[in-house]
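Line by line, the protein sequences give chains A, B, C and D.
Read in order, the letters of the first sequence are residues 68 to 320 in our numbering.
Read in order, the letters of the second sequence are residues 68 to 320 in our numbering.
Read in order, the letters of the third sequence are residues 68 to 320 in our numbering.
Read in order, the letters of the fourth sequence are residues 68 to 320 in our numbering.
One should not assume that every hint holds.
You can't tell identical chains apart in this list, so a pair holds if it fits in one copy or across any two.
What the hints assert, rightly or not - Simulated crosslink set (SDA-like; lysine to any residue; CA at most 25 Å straight-line):
no.	residue 1	residue 2
1	229	304
2	273	311
3	241	214
4	112	141
5	87	312
6	112	259
7	310	78
8	87	305
Derived from the structure by calculation, the hints contain no laboratory data.
4 protein chains.
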Amino acid sequence: MIQMTLIQIDNYGPWTVTPKPRTESDLQILQAELFADVQRQIAAKKGLVFFTRFDNLLAVTNGLNEEDHMRIQRSIRNRYPVTISMGVGAAETAHEAQRLATIALQEKGGAQSGRKEILAINNLIENPEDSFVQAAHIDINSVTETLTDIESAFDTSFMVNKAQHYLMTKLREKGALLFFIGGDNFMSPCNGLNEEDLTKILIDIKEEIGIGLKAGIGRADNIEDAAYMADIGLEIIREGNNKEWIHLIEELQ
Amino acid sequence: MIQMTLIQIDNYGPWTVTPKPRTESDLQILQAELFADVQRQIAAKKGLVFFTRFDNLLAVTNGLNEEDHMRIQRSIRNRYPVTISMGVGAAETAHEAQRLATIALQEKGGAQSGRKEILAINNLIENPEDSFVQAAHIDINSVTETLTDIESAFDTSFMVNKAQHYLMTKLREKGALLFFIGGDNFMSPCNGLNEEDLTKILIDIKEEIGIGLKAGIGRADNIEDAAYMADIGLEIIREGNNKEWIHLIEELQ
Amino acid sequence: MIQMTLIQIDNYGPWTVTPKPRTESDLQILQAELFADVQRQIAAKKGLVFFTRFDNLLAVTNGLNEEDHMRIQRSIRNRYPVTISMGVGAAETAHEAQRLATIALQEKGGAQSGRKEILAINNLIENPEDSFVQAAHIDINSVTETLTDIESAFDTSFMVNKAQHYLMTKLREKGALLFFIGGDNFMSPCNGLNEEDLTKILIDIKEEIGIGLKAGIGRADNIEDAAYMADIGLEIIREGNNKEWIHLIEELQ
Amino acid sequence: MIQMTLIQIDNYGPWTVTPKPRTESDLQILQAELFADVQRQIAAKKGLVFFTRFDNLLAVTNGLNEEDHMRIQRSIRNRYPVTISMGVGAAETAHEAQRLATIALQEKGGAQSGRKEILAINNLIENPEDSFVQAAHIDINSVTETLTDIESAFDTSFMVNKAQHYLMTKLREKGALLFFIGGDNFMSPCNGLNEEDLTKILIDIKEEIGIGLKAGIGRADNIEDAAYMADIGLEIIREGNNKEWIHLIEELQ
Chain A
68 MIQMTLIQID NYGPWTVTPK PRTESDLQIL QAELFADVQR QIAAKKGLVF FTRFDNLLAV
128 TNGLNEEDHM RIQRSIRNRY PVTISMGVGA AETAHEAQRL ATIALQEKGG AQSGRKEILA
188 INNLIENPED SFVQAAHIDI NSVTETLTDI ESAFDTSFMV NKAQHYLMTK LREKGALLFF
248 IGGDNFMSPC NGLNEEDLTK ILIDIKEEIG IGLKAGIGRA DNIEDAAYMA DIGLEIIREG
308 NNKEWIHLIE ELQ
Chain B
68 MIQMTLIQID NYGPWTVTPK PRTESDLQIL QAELFADVQR QIAAKKGLVF FTRFDNLLAV
128 TNGLNEEDHM RIQRSIRNRY PVTISMGVGA AETAHEAQRL ATIALQEKGG AQSGRKEILA
188 INNLIENPED SFVQAAHIDI NSVTETLTDI ESAFDTSFMV NKAQHYLMTK LREKGALLFF
248 IGGDNFMSPC NGLNEEDLTK ILIDIKEEIG IGLKAGIGRA DNIEDAAYMA DIGLEIIREG
308 NNKEWIHLIE ELQ
Chain C
68 MIQMTLIQID NYGPWTVTPK PRTESDLQIL QAELFADVQR QIAAKKGLVF FTRFDNLLAV
128 TNGLNEEDHM RIQRSIRNRY PVTISMGVGA AETAHEAQRL ATIALQEKGG AQSGRKEILA
188 INNLIENPED SFVQAAHIDI NSVTETLTDI ESAFDTSFMV NKAQHYLMTK LREKGALLFF
248 IGGDNFMSPC NGLNEEDLTK ILIDIKEEIG IGLKAGIGRA DNIEDAAYMA DIGLEIIREG
308 NNKEWIHLIE ELQ
Chain D
68 MIQMTLIQID NYGPWTVTPK PRTESDLQIL QAELFADVQR QIAAKKGLVF FTRFDNLLAV
128 TNGLNEEDHM RIQRSIRNRY PVTISMGVGA AETAHEAQRL ATIALQEKGG AQSGRKEILA
188 INNLIENPED SFVQAAHIDI NSVTETLTDI ESAFDTSFMV NKAQHYLMTK LREKGALLFF
248 IGGDNFMSPC NGLNEEDLTK ILIDIKEEIG IGLKAGIGRA DNIEDAAYMA DIGLEIIREG
308 NNKEWIHLIE ELQ
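Make the full structure from the sequences, and use the hints.
Right, dumping it as structure tokens:
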């Protein structure tokens with residue numbers, strides 16, 4: 068099972084315009100630092116957070132228990148002008164896990180309902196043996212040569228966003244998630260997605276929008292190790308001049 | 068004219084996998100903190116940076132001169148394990164400005180060529196009277212009620228990404244840029260885009276994907292003030308129950 | 068036993084002037100952020116770091132094992148332009164623990180010897196039952212009324228530094244340490260120091276330099292809990308109008 | 068004239084124990100990040116902040132005007148759970164400047180009076196030609212060989228603190244300030260202090276406590292440049308095997 072946590076800044080929208088609109092640069096700094104901060108705390112237990120929408124962060128939290136979540140909420144309350152609520156869920160697929168986490172939090176009230184620092188747990192992985200994470204690290208083939216070094220910076224980010232949109236659309240149908248992690252990189256928590264289905268998705272996108280993608284896949288009992296194996300898989304594909312669409316690593320030598 | 072700066076981490080891709088893939092959480096923290104850091108320094112001169120691809124940041128830098136740019140490069144070199152190169156360009160439209168900035172940097176060598184801490188200036192706004200920024204702050208109508216509080220966190224971010232993809236596609240054709248700034252918010256540096264064209268884009272997206280958007284527009288000699296006016300415009304539309312598609316503010320009472 | 072870790076930036080002095088002196092503000096930011104960063108990671112396991120000399124940090128690390136230390140070194144290497152080495156020691160007194168930690172690291176080579184990212188462990192607390200921390204939180208009576216609000220900011224900091232110097236001198240003789248933690252606050256890891264000795268030290272300082280101090284003392288199996296109890300003790304003394312010199316809390320109701 | 072700013076966290080003491088004592092590690096992170104943050108903003112205008120007591124920061128702000136100060140207050144309010152008030156003063160000596168800055172702020176109410184985000188300006192340097200900063204960068208001769216590599220980490224910091232206490236005592240009598248900036252380094256804003264007096268202070272300390280110190284001195288219209296020249300002076304003394312007590316640099320070749 069994969070465990071996911073939804074981290075939501077409480078009543079953030081109204082706060083950003085009270086008493087009048089806050090300076091955009093300050094909000095951008097606040098959001099980026101809050102993300103980096105939560106990341107550092109969740110990573111201490113081998114979890115991983117994705118920036119998602121910044122005011123709503125999704126994290127793979129296999130390995131974190133209730134106290135770990137409460138300590139993060141406390142540390143944010145003590146150092147930021149805002150508080151965070153969390154929802155936690157575990158399931159066979161990442162999409163279902165985040166859905167359960169979201170519902171658990173929504174049942175406690177709306178994001179702008181005045182609800183404050185709630186920790187709503189649908190379910191946690193109790194038995195370490197049930198903890199399993201499959202993650203795919205996907206990137207664009209030769210992005211530096213084909214985009215970064217020849218297209219304008221915005222046009223390159225437009226192409227990367229286009230690839231993201233297509234990947235999100237197709238992976239979501241398979242119960243997998245997809246997050247942009249910078250550069251031309253995407254991370255997909257994808258428990259239950261088999262290699263054939265992922266390969267087909269990459270082939271279809273190549274045919275539909277002409278963007279060549281590859282994916283390293285890793286499997287472990289936590290996202291840190293799964294992501295690392297996925298990175299190794301990606302390196303192996305590169306060394307093979309991107310001839311493989313995907314490369315799975317299930318254990319490290 | 069609008070002045071834009073492309074900030075690129077030197078040889079970042081190879082660095083992230085040397086000697087072996089670096090822990091993903093560390094890279095996420097590094098990228099977010101570098102962005103927040105550059106933001107704070109550029110905001111000190113009323114500029115604004117967008118996270119774009121994190122390893123490539125685009126900023127509106129009206130008001131920043133050559134020394135301001137060099138000081139930022141120095142401060143990053145002194146505090147991070149990576150260095151940054153920059154390209155600067157100014158033009159009548161944001162897309163053209165970032166294109167000139169990108170070309171200036173590309174001419175100094177590729178992103179992975181070993182080129183290090185380059186400051187490539189195509190042109191800077193010399194005369195303050197030539198400095199002009201039009202910015203549109205676009206958001207989704209009633210996102211909390213229609214998405215955040217009823218859909219799963221991932222499905223909401225999927226819809227927001229979909230809106231982003233459509234906005235990027237249509238605004239780009241008009242020489243405007245579009246950046247996601249968190250939540251359900253987008254910022255578009257859009258010098259030269261008239262109100263009718265922007266209104267049509269919002270109406271078309273409503274019809275094509277059923278997502279209702281609104282835009283506050285601001286105009287000033289720097290992006291900080293233009294963005295603030297755009298925020299005020301957005302507030303006015305909200306107070307009018309989203310009856311307006313757009314609201315332009317050209318000066319503050 | 069109390070476990071202490073010495074965290075030392077590798078070859079820092081020479082780095083700060085290579086190739087020429089680095090901007091002082093950048094160094095100040097680097098040092099403060101490295102401290103905050105290590106703090107966040109050590110606090111995740113209920114440890115506590117003191118800024119000490121910034122390039123040499125002393126931490127109480129009861130509860131942290133070898134892997135916890137290695138993960139911190141890796142995360143710093145991945146996000147900073149410098150690396151850190153560590154020495155770890157455990158003993159009956161804090162002074163002896165940091166002495167053992169220092170010797171373990173010194174035996175691996177000098178701070179400017181080119182030694183890089185060493186983890187030198189003299190000994191770790193293996194059995195949780197052996198883990199014990201006594202911490203005293205000491206502050207100046209009515210500092211706001213007697214100093215902050217009437218003396219110049221520098222003269223107040225001069226008096227606080229004077230109190231620190233006297234406290235360091237006397238506590239050190241008892242095998243206890245003393246760290247300034249901001250404002251008019253000091254924290255003393257002081258396993259083995261009895262209440263009579265601490266009271267006498269506070270009385271002597273009052274007589275010698277006329278600065279009235281009080282101390283809350285806490286005891287637990289980790290510094291986070293011990294420091295919290297010490298805070299409660301300090302609050303109780305305040306509520307009693309500073310009539311007590313010290314107040315010990317051994318467990319929370 | 069030298070301009071100094073006192074930055075004080077509003078009502079900080081009570082906040083740290085409301086509703087109950089906040090986790091010490093969180094407070095340490097908050098203080099260090101607030102310092103680094105203000106530093107980055109003040110450094111953007113070539114000023115320099117000293118951590119002082121963390122809840123009270125003293126900064127040399129030649130080059131910063133009223134708006135610069137207000138922007139910093141706004142950015143802190145938007146990103147931290149606390150607000151800051153500031154006092155500003157300019158005079159012929161650093162001690163007098165910070166005294167005027169402190170008085171200006173004290174006149175607006177006590178640190179715990181509920182006074183919030185005050186900017187109290189006694190006087191600012193209006194004419195750039197009046198702006199002058201003399202700064203001495205003082206360090207301990209061969210600290211690595213004589214202390215760091217042979218004494219315990221705490222005993223070394225004890226000796227450094229002892230040197231600081233003696234330096235603060237003697238420099239204060241001359242109207243100069245002294246701040247610890249990490250390692251074995253001290254920075255003294257010392258407008259008006261002549262070379263003979265500083266030399267005598269270093270000689271006296273050598274005789275009184277046996278700690279050998281040296282000082283690089285710089286003079287410029289802002290602290291960033293003055294500190295850089297002081298660094299160069301220190302390097303020159305090192306190259307001469309610490310034969311000189313002090314070395315003054317008034318301009319860079």
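Quiz item: Going back to the hint list, which numbers does this structure go against?
Solution: none
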